[in-house]
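Novice: The whole structure should be built from the sequences, with the hints applied where relevant.
Letter 275 of the sequence shown, counting from 1, is numbered 275 in the UniProt record's numbering, and no numbers are missing.
Dumping the calculated DSS-like pairs for lysine-lysine here, alpha-carbon to alpha-carbon at most 30 Å:
#1 284 <-> 227
#2 298 <-> 54
#3 284 <-> 189
#4 116 <-> 104
#5 180 <-> 54
#6 195 <-> 116
#7 298 <-> 180
#8 284 <-> 56
#9 284 <-> 195
#10 298 <-> 154
#11 227 <-> 116
#12 195 <-> 62
#13 284 <-> 298
#14 56 <-> 298
#15 180 <-> 227
#16 62 <-> 298
#17 54 <-> 189
#18 298 <-> 104
#19 195 <-> 298
#20 60 <-> 180
#21 62 <-> 189
These are calculated hints, taken from the structure and not from any lab test.
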Amino acid sequence: MIVEQLDFPAYKTVSRQIKGGIGMGDKEKKPKYQKGLLEKAVVESVQITRYAVKGKHENKHKVVLSTDGEIAFVEKGVTNWKLDLTAKKAITLSRTDTPHVAVKARWYTTQEALEKGIEVVYGGSANTFGSLGALLVPDGFNIPTVMATAENVKHYDLQLIASGEDFAISTDQFQIAMMKYDYSGDYKKDFLMQKYGGGGVFVETHNFPHIHIPLNEECGGYIVIGKQVTAGLFNFTAFQIPYGFALYTPSYTIHGDGTLVGEYGFTVADSAMAHADTVLIYNKERLSMARNVVPNWKA
Numbered sequence: 001m002i003v004e005q006l007d008f009p010a011y012k013t014v015s016r017q018i019k020g021g022i023g024m025g026d027k028e029k030k031p032k033y034q035k036g037l038l039e040k041a042v043v044e045s046v047q048i049t050r051y052a053v054k055g056k057h058e059n060k061h062k063v064v065l066s067t068d069g070e071i072a073f074v075e076k077g078v079t080n081w082k083l084d085l086t087a088k089k090a091i092t093l094s095r096t097d098t099p100h101v102a103v104k105a106r107w108y109t110t111q112e113a114l115e116k117g118i119e120v121v122y123g124g125s126a127n128t129f130g131s132l133g134a135l136l137v138p139d140g141f142n143i144p145t146v147m148a149t150a151e152n153v154k155h156y157d158l159q160l161i162a163s164g165e166d167f168a169i170s171t172d173q174f175q176i177a178m179m180k181y182d183y184s185g186d187y188k189k190d191f192l193m194q195k196y197g198g199g200g201v202f203v204e205t206h207n208f209p210h211i212h213i214p215l216n217e218e219c220g221g222y223i224v225i226g227k228q229v230t231a232g233l234f235n236f237t238a239f240q241i242p243y244g245f246a247l248y249t250p251s252y253t254i255h256g257d258g259t260l261v262g263e264y265g266f267t268v269a270d271s272a273m274a275h276a277d278t279v280l281i282y283n284k285e286r287l288s289m290a291r292n293v294v295p296n297w298k299a
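Specialist: Right, dumping it as structure tokens:
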């Protein structure tokens, strides 16, 4: 798979290839790309490893999530790219309406949760941005799952990008790096849903865009996408991203990628530069981790 920045005079050409991708012939090879200090800093800042958690203790012998190098680097501004994948799985649109749950919920930022006395408990940052708030939902809250299509993601103003399709990335404030993440099949059970691990399913918003790309046909799981419809009313859907496609999520979209499974490439920013408002999904009656929010992935 290659994510390649298109050649325009205003843009620096960047090309990355990962295992299983299509190489370029000798005549097409570009000058060797040299990382700048900022790119090195961003890439270093987003390297993570998560271990299985039992009780309050990590099992250092069982890695459930890790980063595995950089795929591409995106400069500030609007840049043009092409997604080039070696294979493409056909998908069909089964319905025009996007399956979603509409829920009355209250979003508390980290500061608001502290002021309300809501104790948000987690043992390690399941995302890369530190302190967390809470989204309080009613009993029985669960998010429907669906295969992403070009049509149904429009409910959330997202774009599903097919292999070979050109697309633009808009990141006004920050340079971002595309990294390779490997979510094991046990990540959700052994880390995310552990009280002293991830602390539960999370969603967040931040001031830079995401691109999520499944890197092989074995990838699965779901990315949670949401939007605030009115004050206190939200819609949520858990999308499976089909192999052969990428999901473009604009800045400030409500989303959570903790329930993905497999190897994904996706864009991240240095947490010291970017800002995220991240919340754990909590039951409003118990003020603790909401269970069964997203179904377990079954291959």
